[in-house]
Amino acid sequence: MIALLNRDLRLAMRAGGGFGLGLSFFLIVVVLIPFGVGPETSLLGRIAPGVLWVAALLACLLSLDRMFALDFEDGSLDLLVTSPLPLEGIITVKAIAHWLTTGLPLVAAAPVFALLMSLPANGYFALVLSLLIGTPALSVIGAFGAALTVGIKRGGLLLSLLVLPLYVPTLIFGAEVARRGAESQPYTSPLLLLAGISFAALALLPFASAAVLRVNLR
Amino acid sequence: MELQVDKLCVARGGLAVLKDVSFTVKSGQALVLRGPNGIGKTTLLRTLAGLQPALSGRVSLEAEDMVYAAHVDGIKTTLTVKENLVFWAQIFGTKTIDQAINAFSLSDLIDKPAGMLSAGQKRRLGLARLMVTGRPVWILDEPTVSLDLTAVVMFGDVIQTHLEGGGLAIMATHIDLGLKNAMSLELGGYKAVSALQDDFDEAFL
Amino acid sequence: MASIWEYANPLKFMRTTEAALPFIGWAAALCLVCGLVWGFFFTPDDFRQGSTVKIFYVHVPSAMMAINIWVMMLITSLVWIVRRHHVSALAARAAAPIGAVMTLIALFTGAVWGQPMWGTWWAWDPRLTSFLILFLFYLGYMALWTAIEDDDTAADLTSILCLVGSVFALLSRYAVNFWNQGLHQGASLSLDKKENVADVFWYPALVSIAGFVLLFFALVIVRTNTEIRARRARALLARERLG
Numbered sequence: 001m002i003a004l005l006n007r008d009l010r011l012a013m014r015a016g017g018g019f020g021l022g023l024s025f026f027l028i029v030v031v032l033i034p035f036g037v038g039p040e041t042s043l044l045g046r047i048a049p050g051v052l053w054v055a056a057l058l059a060c061l062l063s064l065d066r067m068f069a070l071d072f073e074d075g076s077l078d079l080l081v082t083s084p085l086p087l088e089g090i091i092t093v094k095a096i097a098h099w100l101t102t103g104l105p106l107v108a109a110a111p112v113f114a115l116l117m118s119l120p121a122n123g124y125f126a127l128v129l130s131l132l133i134g135t136p137a138l139s140v141i142g143a144f145g146a147a148l149t150v151g152i153k154r155g156g157l158l159l160s161l162l163v164l165p166l167y168v169p170t171l172i173f174g175a176e177v178a179r180r181g182a183e184s185q186p187y188t189s190p191l192l193l194l195a196g197i198s199f200a201a202l203a204l205l206p207f208a209s210a211a212v213l214r215v216n217l218r
Numbered sequence: 001m002e003l004q005v006d007k008l009c010v011a012r013g014g015l016a017v018l019k020d021v022s023f024t025v026k027s028g029q030a031l032v033l034r035g036p037n038g039i040g041k042t043t044l045l046r047t048l049a050g051l052q053p054a055l056s057g058r059v060s061l062e063a064e065d066m067v068y069a070a071h072v073d074g075i076k077t078t079l080t081v082k083e084n085l086v087f088w089a090q091i092f093g094t095k096t097i098d099q100a101i102n103a104f105s106l107s108d109l110i111d112k113p114a115g116m117l118s119a120g121q122k123r124r125l126g127l128a129r130l131m132v133t134g135r136p137v138w139i140l141d142e143p144t145v146s147l148d149l150t151a152v153v154m155f156g157d158v159i160q161t162h163l164e165g166g167g168l169a170i171m172a173t174h175i176d177l178g179l180k181n182a183m184s185l186e187l188g189g190y191k192a193v194s195a196l197q198d199d200f201d202e203a204f205l
Numbered sequence: 001m002a003s004i005w006e007y008a009n010p011l012k013f014m015r016t017t018e019a020a021l022p023f024i025g026w027a028a029a030l031c032l033v034c035g036l037v038w039g040f041f042f043t044p045d046d047f048r049q050g051s052t053v054k055i056f057y058v059h060v061p062s063a064m065m066a067i068n069i070w071v072m073m074l075i076t077s078l079v080w081i082v083r084r085h086h087v088s089a090l091a092a093r094a095a096a097p098i099g100a101v102m103t104l105i106a107l108f109t110g111a112v113w114g115q116p117m118w119g120t121w122w123a124w125d126p127r128l129t130s131f132l133i134l135f136l137f138y139l140g141y142m143a144l145w146t147a148i149e150d151d152d153t154a155a156d157l158t159s160i161l162c163l164v165g166s167v168f169a170l171l172s173r174y175a176v177n178f179w180n181q182g183l184h185q186g187a188s189l190s191l192d193k194k195e196n197v198a199d200v201f202w203y204p205a206l207v208s209i210a211g212f213v214l215l216f217f218a219l220v221i222v223r224t225n226t227e228i229r230a231r232r233a234r235a236l237l238a239r240e241r242l243g
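Chains as they are written, first to last, in the numbering used here: chain A, 1 to 218; chain B, 1 to 205; chain C, 1 to 243.
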């Protein structure tokens, strides 16, 4: 299975802009917000945790439809399904690959973007921590949506419609952690809830996603 | 090793296409499926390979013993030939890709990105992948599409070697590969005729 | 008791439900008219909220239906997954638009009810927000049905989506409560009027609720039978194509 992870990472990098696309989108959104709401730093600082979370979420959404579609189209998915690897494991590996190429760079870049949004100094650690724990859930939930829409032509929009409501709990708790951190308030309980969602999704959703992929490969 | 298929019924899109298909293939034998387009050759092959559930019937070997190859090759264009083959070898747990490389004359192309190969070379790479999996039963759906005559001969030799090594092959093809020990199965006789029934869920099918 | 599974036979289902339909339809109309007219015109005005509180005769039943229809879809999806009865899957598909419209009605009437109190047509009250999210789940479910060509595949995928979605809908309900709890402590912005409602208000509400339930049954019967017929037509066409 490490072989699958390595291959997917290598493919993402060679496809050109593997890391870059998500980060660029993140940057664009963060740049657009002040144009939309005005440059007043106290306002920006107040909305920064939420805006950064929403931007990260949308950036993760971008590369989801590629997760299974490429392998589906060139027959690799058929081969992987009939290989010794369990389908749930394959899905988990692909979600991890997505996280490594999309989610993790966002986590690393978040402090820079937080600066652009005038996030109060106390909020940086909480923001990065919340993204670090929350973005894996985004990848795993996104994998479920990608599995559902893998055979559908131009399924990107449908994918967004299906996945975004599923993202709401993660977004609520993640943004709450970041916001409380910025206001120097304790954030243990939302953090635990966020972590709970991530772990539960990682443990349980691949089974649903595997069932979905098997249906789509029939 | 023997593949016994007993009264297999396969479906496409919920509708039965083939009924009561039965045959036996022993080690060293190849079975060629023949029949008009749309009769269900692809459906039957995919069901044998474990990609689709059968409606009823029995297959004596598990899907773990089979490997499936079709029109699309499972080849990534941004990876080199070697990287493609090594990947599949790792997934399927075999150790070496050299035999496959030699059998399909891919040694010159080892470090070329697969996207730069000609159509015929890509098909050879796709078929080399079969060898790399180390599985005894090869299930092939129109494997000689876009191969020129030399490549077809080469492919026939590879299948022959595989059979002589104890493997089995089941394929759908219109081309005569010159295989010794090849049986032929005409699928037209197994066409599933759905009678008009009026009760239960058969109202839909 | 003859097994309910007999009704998994599409023809028996259609025959039985279409025979019952006129009765259900008339009963629904009766209950709705009685309940709503009684509630709107023959009950006293609330001393605090005036006459706009009467909208709850539409709001409460529609909100209940919005949730119960999703639960019905969940159950019928499970029946499809376990027993593969097409009628069940098609009933779920038929119920979804009805549920979506009920959610919209609940949202709209909720906003109308809240406006005099909040001074605004919309506020992110936990209950309203949860219904908004539920509406999105309905939309996604319906969109997935229409995006997939093969009927059995669509039934399988949408039923798994319904299962996973139900878990996340519950999770969202809790998350939204957590999200909004800090803002409205003390202020009574809850639109839940079940407690402290005197009998004089409650009976017309019951009739109204019964009317909505019967309306749902009537609509879902009509829609499910339409889906069954459409499915049959597609199957016959497919069989013709195979020759």
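A couple of the hints might just be wrong.
Below 25 Å or equal to it, Euclidean Cα-Cα: the simulated SDA-like pairs (lysine to any residue) are [claimed, not checked]:
| hint | chain 1 | residue 1 | chain 2 | residue 2 |
| --- | --- | --- | --- | --- |
| 1 | B | Lys82 | A | Arg214 |
| 2 | B | Lys19 | C | Arg234 |
| 3 | A | Lys153 | B | Leu15 |
| 4 | A | Lys153 | C | Leu139 |
| 5 | B | Lys82 | A | Ala3 |
| 6 | B | Lys122 | A | Glu73 |
| 7 | B | Lys112 | A | Ala15 |
| 8 | B | Lys19 | A | Ala15 |
| 9 | B | Lys7 | C | Ala233 |
| 10 | B | Lys7 | A | Ala15 |
| 11 | B | Lys95 | A | Lys153 |
| 12 | B | Lys19 | A | Leu217 |
| 13 | B | Lys19 | C | Leu139 |
| 14 | C | Lys12 | C | Ala233 |
| 15 | B | Lys19 | C | Lys12 |
| 16 | B | Lys191 | C | Leu139 |
Computed footprint of chain A on chain B, listed as stretches where at least three residues anywhere in the stretch have a Cβ under 8 Å from a Cβ of chain A [as the list claims (entries may be wrong)]:
| hint | region |
| --- | --- |
| 17 | 31-43 |
| 18 | 143-154 |
| 19 | 170-182 |
Derived from the structure by calculation, the hints contain no laboratory data.
For each residue, glycine too, the CB sits at the ideal point set by N, CA and C.
Would you list, in rising numerical order, the hints stated earlier that this structure does not obey? Of the numbered hints given earlier, those the structure breaks are 1, 8, 9, 10, 11, 13, 15, 16, 17, 18 and 19, listed in rising order.
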